[in-house]
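Starting from the structure of chain S, add chain V with the ligands where the hints point.
For reference, the chains in residue letters:
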Amino acid sequence: MWDGIIIGGGLAGLIAGIRASERGKHVLIISEGAGSLTYSSGALNFGDVVQLRSRENHPYALIEENVIQAGMDYFQKLFPDYQGVCGRTQTLFTPLGSPRTANIIPSGQNAAVLQDAKRIVLMAPEGMKDFFSKIIKTNLKICYPQCIVDIYPFRISAFEAWHAIGKPVTGMEYARYWQSGPGIAELKRVLAGVTITCSETVVLFPGLATAFSEPLKEVLSETPFPVIEMTSFPPSAGGHNLYNALKQKFKSLGGELLMGTGVQRIELQEKECRKAIVSSKGRPTAFAAHSFILATGGILGGGIEVTAEAAQETLLGLPLYVPAEWTKSEFLGEQPYAHTGIEADSDLRPVDPGTKEVLFENLRVAGRMLAHWDPWTDNCGGGVSLTSGWYAGEKL
Amino acid sequence: MSFEQDKAEILDACIKCSACTAMCPVAAVNPLFPGPKILGPDAERFRLEGLQIGTTLSYYCSKCKTCEITCPSGVKITEMITRAQEDAKMSEGGKTLQFSIRDYLFGRAEYLGKLATVLPGLTNVLLKAPLFRQILEQTLGICSEAPLPAYHTKFETAEKDRKSKKQVVYFPGCFVTYNDPLTGQAIVKVLKHNGYEVIVPPFHCCGTPLEGNGYLREAQETAKKNLALMEPYMRAGIPLITGCTSCGLALREYPGLAESASELQAYDLFEFLWELQERNEFRKDFKDIQVSLGYHSSCHLKAQGIGTPSVRLLRLIPGVQVTDLDQGCCGLSGSYGFKKEKYHTAMQIGKPLFNRVRQGAANSEFQSVITECGGCQVQIRHGSGIETVHPVWVLMQAYGFFQLLSSGRHASSELV
Ligand SMILES: Cc1cc2nc3c(=O)[nH]c(=O)nc-3n(C[C@H](O)[C@H](O)[C@H](O)COP(=O)(O)OP(=O)(O)OC[C@H]3O[C@@H](n4cnc5c(N)ncnc54)[C@H](O)[C@@H]3O)c2cc1C
Ligand code: SF4
Ligand code: SF4
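Protein chains in written order, with the working numbering: chain S, 1 to 396; chain V, 397 to 812.
Take the hints with a grain of salt, since some may be wrong.
[Stated by the list, open to error] Think about it this way: if two alpha-carbon atoms lie no more than 20 Å apart in a straight line, the pair counts; the simulated SDA-like pairs of lysine to any residue are:
hint: 1; chain 1: V; residue 1: K459; chain 2: S; residue 2: M259
hint: 2; chain 1: S; residue 1: K25; chain 2: V; residue 2: N426
hint: 3; chain 1: S; residue 1: K25; chain 2: V; residue 2: D720
hint: 4; chain 1: V; residue 1: K747; chain 2: S; residue 2: E357
hint: 5; chain 1: S; residue 1: K249; chain 2: V; residue 2: E761
hint: 6; chain 1: S; residue 1: K129; chain 2: V; residue 2: N426
hint: 7; chain 1: S; residue 1: K249; chain 2: V; residue 2: K620
hint: 8; chain 1: V; residue 1: K620; chain 2: S; residue 2: W326
hint: 9; chain 1: S; residue 1: K167; chain 2: V; residue 2: I434
hint: 10; chain 1: V; residue 1: K412; chain 2: S; residue 2: F233
hint: 11; chain 1: S; residue 1: K129; chain 2: V; residue 2: V425
hint: 12; chain 1: V; residue 1: K747; chain 2: S; residue 2: K129
hint: 13; chain 1: S; residue 1: K167; chain 2: V; residue 2: L453
hint: 14; chain 1: V; residue 1: K412; chain 2: S; residue 2: M128
hint: 15; chain 1: S; residue 1: K167; chain 2: V; residue 2: L712
hint: 16; chain 1: S; residue 1: K249; chain 2: V; residue 2: A632
hint: 17; chain 1: V; residue 1: K412; chain 2: S; residue 2: K249
hint: 18; chain 1: S; residue 1: K25; chain 2: V; residue 2: G781
hint: 19; chain 1: S; residue 1: K129; chain 2: V; residue 2: D438
hint: 20; chain 1: V; residue 1: K459; chain 2: S; residue 2: K25
hint: 21; chain 1: V; residue 1: K747; chain 2: S; residue 2: Y39
Keep in mind the hints are simulated off the structure, nothing from the lab.
Next comes chain V alone, as it looks inside the complex:
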């Protein structure tokens, strides 16, 4: 995590107005949670002096970034809290053994995925079985009501020999690899349609789940393994593209890890497609489709500071209406909402969003929801009951590769 700006200067931007705490969804349901002002800029003063305060309670922060969006002065509150958690982790601050084991597992989405996709059918049956979920809750503290995503046959990597001049490397990420391979195929398809050869090396997890569960060192080691895999492409100046906003955020932070990584050109899928559009290279052989969509911007997309390129791009398609839902965090925050002591807080955080989605669907403002983040998709479906997919499916439909956004979602035969 890069935090090399003048820390004191950032602190001085805080005028102590408390707007952040007033809007924090966790502080709203848990009075013991000191809130962003105290855990962020206030405690930061002590941390600059080497004093750690409020570390145990800081784990209740879901990193939803509502505080940062509210702050009139643009204080990077969540960044401060995350860093404090990492520092506390280094000195092993307060978690029970049960939660430590669970957080260890959630941090390793890649291994969980590998294990689960040996027999995805069996995994899914188990994950739906109430008894098994009770056991998970009792033993590991994984909430039995939480919407754990289903597993699919693994997304296969493909390293072709490089013939075409226009090439990109695709980083699928754990969610696509183990839970949603069809979206991975759709992304590859769209890139190919725009004239790109797509290379998919056997990447590891991006590191975000490790970081989110407090395993910063392990996250950096995984990142370095990915960088080694990316090395030859990086040298050839081939961009790295991902459709997952959490992977995207992590990949953008890689350049802080190794010297060679400074050449890494990491793009969000739609950011890349928008650049093609700006260069007049984006294919617009669209069918006229009539769809209205609600768009949810994930926290990790907001943190990238690139705006909402998917909304921009999808609005180029005739007949497509996109409404920005503008309701903050869905509450899941990676694996936060799966944890038994946090599930209800997570649902509370997501409530304004779920209400907005339900209301929009009820009065026919839109039919389904799109968001880049796999976690948000799972949580919005769980909280609102409305179909939620990756925005690449709208492009798939417009290009005529795919019928009916909602019902035909898993008809893989229609792909390719």
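Looking at chain S on its own, in the form it has when it is part of the complex:
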């Protein structure tokens, strides 16, 4: 019998698991896939917390403001490689070389030094997939008119066989190589080749993610110029490394992670969840727990299934808030469907959208499963998942 079972091992589920394990709880996380962190850059946006809290149903409005701050502090204490302050944003680069902001970012992505730069050297790894040096150069020139932008092409022997057959190398493959023993030596060599023509030179490096790697951080600390990592299109090494760090932290606290197999259904007894039934090979396995957390990632994560007729919560058939109007014509604007999700009380327990009655006493909902927010236009994808996950783990 577990103290808690968490369904879904994305950002929300893992943070919940880490917090609950740290509090001495015996926790099992069951997750079908690795979750959306590998798609994302690894930078976490919290959005305008004060404004979002004033929106009646927004997940931030369900919990106290200090809980949001506490979740953010907690995360940075867990991972000192990540920096940020509540209410203040930091600059990092998109894969196309335009600046964007986020609240907590891996230190290596921090682009603040560019304000005072005179020259930017854009590293251009041979044959890198989804890397467009000319577009990036154009964008950099627009945003940093005081700077000269030089492109520095280089190739390394490790990928010669790839170049020979014209096979592109993803940023994640490059990042993985730099993390290896030979890669670290090679990175030193490559960076040593960059000449400094003016003292305010900053190097921009795509396909590199140094967070959680002491040897890599050391290499960069020894260069005569600051090196800024760029984020990449999916798959992203930054997001993947964060995912791995979360997973390892959870396991090191004694948590058990059952990956690659989904929860089929939940056995109920009146207003309590009792057992998670997992589709193990051949014969389902039942795992019993006192408490449950549903962090199955909404529409993208698989926790909500959308058909032509309706949207449905896949495990318990929990009633969903579904906006009357599903989409809007402006592609990148606010899309009402994103607000689809489960309504919850201040303890994150699911409630009936009509009567507001608590549906299950020992179930909490976290992350993208919650209703009334849009990670894109509210700019708070990581923030809501992190804080609601942390709070669910705190309450478990």
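Only chain V with the ligands this time, still in chain S's reference frame:
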């Protein structure tokens, strides 16, 4: 292999992010290997239309499942590749004669075992002789550096008359039967200690080596023979237990083969013991032992979808520290790492794990490694030089049946 879910729906789960290919250890060392995305969900679209692509290259997939663990969307990539290989096998796709003979032999672990254990001493001397290994490499394509496991006197089967109410059937599997009978005895001992009478019918190979080397039909025939042996126990509702995770995975898939098999209750040893624990029937008369262990979860355990019951259970023993190494595949994948054209890839696949093991042992984080899979044990010992055993030995030690986990490992006199 059961694959009855809506195939198109599974395909749609893939959003083409390429994370799987970026993490695939085979693609990382061999650019010609198209990688999991292309061989899995991409080629699957063609296969649904009856078109086979990339079959020859697909044999380089080691089934390590790193891709599946990485996939954000939970796409069952390895399952798709395995099935494609089976389909290609049916239509006899591209292997040389040498490799065909070798794969024929590796598929028949049971016959190899029977042959080798006639005179296990002689077999082991030969397997260690460099000249003999060169000959094996030249003639059969079995890598001369690969850690072929040693053979022991065969594990004996025992079918007692059924007196006790609490009974289990034990499926030792080829590794225990021919290479590691002591672990088989330890498992029987632990089950007996928990009040169970243990029946061991003369089972055949579970079928996994056949399947892994592309002999699907033969694998199913062997499975049916085992099911026939299991029939009377199945009807009496007696569970079937194995300590080998590859056998365990195969046994869990038996119910897809014959109607009667749906009554088969196949358990991993520790999964079964954990159920006893949940029912308050597991014996915890433990001695206080001080051991720190690194745990490696085999790919075939992960594929069973039952979590890591041995870690859960061993953590109940006072003084036992278990660290989950969490480093993916050891690289051996049954007989993949024994093959000369794949040995180096296999070692490359296992590298992160070996490094983690060496690092943990060097800074005294743990003294030895435990993993349920016999193949992983051989490969981790080979790649890291650190003692690696089945987790049942920790229970043996805690119950006081056995002294010193690492040095006294083969002192059979201490057993029983
Ligand atoms: C492309 C992309 C870019 C992004 N960029 C940013 C960014 O720059 N900044 C930012 O702050 N946020 C960003 N986000 C948003 C942020 O990453 C997500 O909000 C957050 O990761 C969601 O976490 P989650 O845990 O709620 O869901 P998920 O990460 O989706 O996890 C849900 C998990 O549940 C599992 N699951 C589903 N059903 C079951 C079941 N029945 N049984 C078991 N398991 C199940 C799934 O397999 C999955 O692993 C981005 C998201 C995407 C997709
Ligand atoms: S199972 Fe392993 S070797 Fe095969 S495609 Fe997946 S990651 Fe690559
Ligand atoms: S990781 Fe999963 S979703 Fe991404 S390409 Fe591979 S199979 Fe498709």
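Here is how each hint holds up against the structure:
| no. | hint | in the structure |
| --- | --- | --- |
| 1 | V:K459 / S:M259 | 16 Å, holds |
| 2 | S:K25 / V:N426 | 44 Å, violated |
| 3 | S:K25 / V:D720 | 18 Å, holds |
| 4 | V:K747 / S:E357 | 54 Å, violated |
| 5 | S:K249 / V:E761 | 16 Å, holds |
| 6 | S:K129 / V:N426 | 18 Å, holds |
| 7 | S:K249 / V:K620 | 44 Å, violated |
| 8 | V:K620 / S:W326 | 53 Å, violated |
| 9 | S:K167 / V:I434 | 13 Å, holds |
| 10 | V:K412 / S:F233 | 12 Å, holds |
| 11 | S:K129 / V:V425 | 18 Å, holds |
| 12 | V:K747 / S:K129 | 26 Å, violated |
| 13 | S:K167 / V:L453 | 16 Å, holds |
| 14 | V:K412 / S:M128 | 17 Å, holds |
| 15 | S:K167 / V:L712 | 50 Å, violated |
| 16 | S:K249 / V:A632 | 45 Å, violated |
| 17 | V:K412 / S:K249 | 28 Å, violated |
| 18 | S:K25 / V:G781 | 36 Å, violated |
| 19 | S:K129 / V:D438 | 18 Å, holds |
| 20 | V:K459 / S:K25 | 35 Å, violated |
| 21 | V:K747 / S:Y39 | 26 Å, violated |
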